[in-house]
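> Same order as they appear, the protein sequences are chains W and E.
Just so you know, we're using our numbering here: the first sequence kicks off at 190 and counts up by one.
Just so you know, we're using our numbering here: the second sequence kicks off at 79 and counts up by one.
Think of the hints as simulated: they come from the structure by calculation, not from any bench.
It should be emphasised that the depicted structure is a prediction, and the values quoted were computed from it without experimental measurement.
Cβ atoms here follow ideal geometry from the backbone N, Cα and C, with glycine treated the same way.
Hints may be right or wrong, so weigh each one.
Stated by the list, open to error - Some chain W residues judged to face chain E by a derived CB distance under 10 angstroms, without partners named:
id : residue
1  : 255
2  : 283
3  : 291
4  : 297
5  : 393
As the list claims (entries may be wrong) - List of simulated lysine-lysine pairs, DSS-like, C-alpha gap at most 25 angstroms:
id : chain 1 : residue 1 : chain 2 : residue 2
6  : E       : 111       : E       : 101
7  : E       : 101       : W       : 290
8  : E       : 111       : W       : 290
9  : W       : 290       : E       : 249
10 : E       : 249       : E       : 111
Unchecked claim - Here are the computed distance ranges between Cβ atoms for each label pair:
id : chain 1 : residue 1 : chain 2 : residue 2 : range
11 : E       : 183       : W       : 332       : 29 to 39 angstroms
12 : E       : 310       : W       : 359       : 23 to 33 angstroms
13 : W       : 359       : E       : 110       : 24 to 34 angstroms
14 : E       : 217       : W       : 325       : 49 to 59 angstroms
Given next are the chains, with one letter for each unit.
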Amino acid sequence: MTTVLVPPSESIPSLFELRNLACERDERCLFSGLNLQLQAGELIQIAGPNGAGKTTLLRVIAGISQDFQGELLYKGKPLSLTHWEFALDSLYLGHLPGVKKALTPTENLLWYMAQRGSTGDATQALASVGLYGYEDTPCYQLSAGQLRRVALARLYLELARIWILDEPFTAIDKHGVAQLELLIDRHLAGGGLVILTSHQDLTLPQLRTVDLRDYEPQSTSAEKNEEAIYG
Amino acid sequence: MASISSRQATEFSLFTGFIASVKRDLLVAARHKSELANPLVFFLIAITLIPLGVSPEKSVLTLLAPGILWVMALLATLLSLDGLFRADYEDGSLEQMLISPQSLYFTVMAKVLVHWLVSGLPVAILAPLLGLMLSLPASGYWALFLSLLLGTASMSLIGAVGAALTVSLRKGGLLLSLIVMPLYIPVLIFGASAVGSAVQGSVIGMQLAVLGAFLALAIVLAPIAAMGALRIGANG
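Please take these sequences and the hints and turn them into a complete structure.
Right under this line is the structure:
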């Protein structure tokens with residue numbers, strides 16, 4: 190078995206780690222050399238202008254896209270070895286809510302609970318996101334914000350520690366945003382890790398911003414030098 | 079309130095996940111009634127038109143019936159394939175399936191099973207009835223039902239690979255047919271041959287055995303191929 194080299198100073202491996210991560214899209218390098226160590230209790234906001242690769246990065250972290258170079262480590266072990274544990278311990282909410290419009294909010298949540306083996310009260314979770322009374326309304330009758338709230342209700346049901354949220358505040362009203370911030374705060378206090386993208390300014394003190402512009406390939410000057418030498 | 083200690087005690091089970099997926103897809107299918115009826119109505123209309131378009135002569139129809147019934151059943155299956163993963167792709171459920179701790183193999187199997195339950199199975203049940211319309215001799219009824227039962231299941235599985243490959247294309251219908259059609263040909267040949275043999279009074283054990291073998295092979299391999307295709311589709 191090959192052991193992963195961990196710097197000796199680090200006794201406890203970080204919950205999640207990106208090593209020298211690089212992604213490209215349509216032959217354009219989005220970011221490269223991205224190194225991040227994420228600890229429990231941290232809130233990471235991925236920042237950057239539109240098209241900087243925020244969603245791409247989150248999809249790579251969540252394990253949806255395999256289209257990257259570099260290494261991902263969960264609890265100090267490569268993701269390929271800990272795939273299942275990571276899947277159980279992480280929760281991804283993307284641009285698309287992942288809610289079936291033909292079904293009711295409760296039916297949607299029950300499917301997710303069975304898929305992920307979580308136990309909890311779906312009705313209570315829906316009430317927590319302000320959908321009390323809509324439990325049995327087909328989702329096609331709900332507004333965009335309410336659809337997103339159905340997806341957000343999953344946060345109340347799951348025991349996953351790593352939350353990966355892509356623009357979670359989209360289409361949510363002010364009160365909902367405040368509630369979600371409160372929930373994130375509670376999750377962080379309970380030893381969770383939250384990675385999110387948002388154009389909203391967050392007020393939580395645990396916030397750490399990672400700007401993808403810092404990893405843009407202007408730093409390819411080294412490669413250019415190589416080209417000059419070998420070319 | 080769920081505490082951290084219950085993390086280990088989560089009720090994670092492959093079986094509950096599979097059942098939940100089957101239940102959910104059946105519910106979705108039941109709420110899209112027009113899509114549900116689509117392959118069946120196509121099958122019904124196409125078969126009804128044959129005596130009108132070709133010839134109402136009994137001897138001609140008897141000769142054509144096994145092949146026509148099988149070809150139409152195949153096309154009816156093909157018609158309903160396009161939406162197999164498309165809806166999940168568009169509403170984001172597919173991403174969630176890919177990163178779910180559940181085995182993707184069983185999630186794909188659940189989707190295929192539901193597809194077969196709402197398209198293949200009704201077609202197989204309806205076929206003998208329409209055989210009557212094409213004056214298929216009574217000796218062919220059981221062969222038609224059994225061969226379609228096995229054949230449509232294989233076709234749903236093979237079709238899932240094509241549907242998975244074309245999931246990220248906006249208009250994948252034509253490509254899907256081109257990918258899947260050649261793979262359907264062996265199933266069609268043995269299926270139609272089973273009905274033809276039964277009509278002539280010979281035994282059909284061989285054809286049914288070959289159809290069964292196709293199905294066994296498809297159950298093992300098709301979901302794996304579909305899984306790979308879905309992962310590639312999600313990368314793009």
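> Does each hint hold? Answer for all of them.
Here is how each hint holds up against the structure:
no.	hint	result
1	255	6 angstroms, holds
2	283	6 angstroms, holds
3	291	4 angstroms, holds
4	297	8 angstroms, holds
5	393	21 angstroms, violated
6	E:111 - E:101	16 angstroms, holds
7	E:101 - W:290	15 angstroms, holds
8	E:111 - W:290	14 angstroms, holds
9	W:290 - E:249	22 angstroms, holds
10	E:249 - E:111	23 angstroms, holds
11	E:183 - W:332: 29 to 39 angstroms	36 angstroms, holds
12	E:310 - W:359: 23 to 33 angstroms	28 angstroms, holds
13	W:359 - E:110: 24 to 34 angstroms	27 angstroms, holds
14	E:217 - W:325: 49 to 59 angstroms	51 angstroms, holds
Hint compliance for this structure: hint 5 alone is broken.
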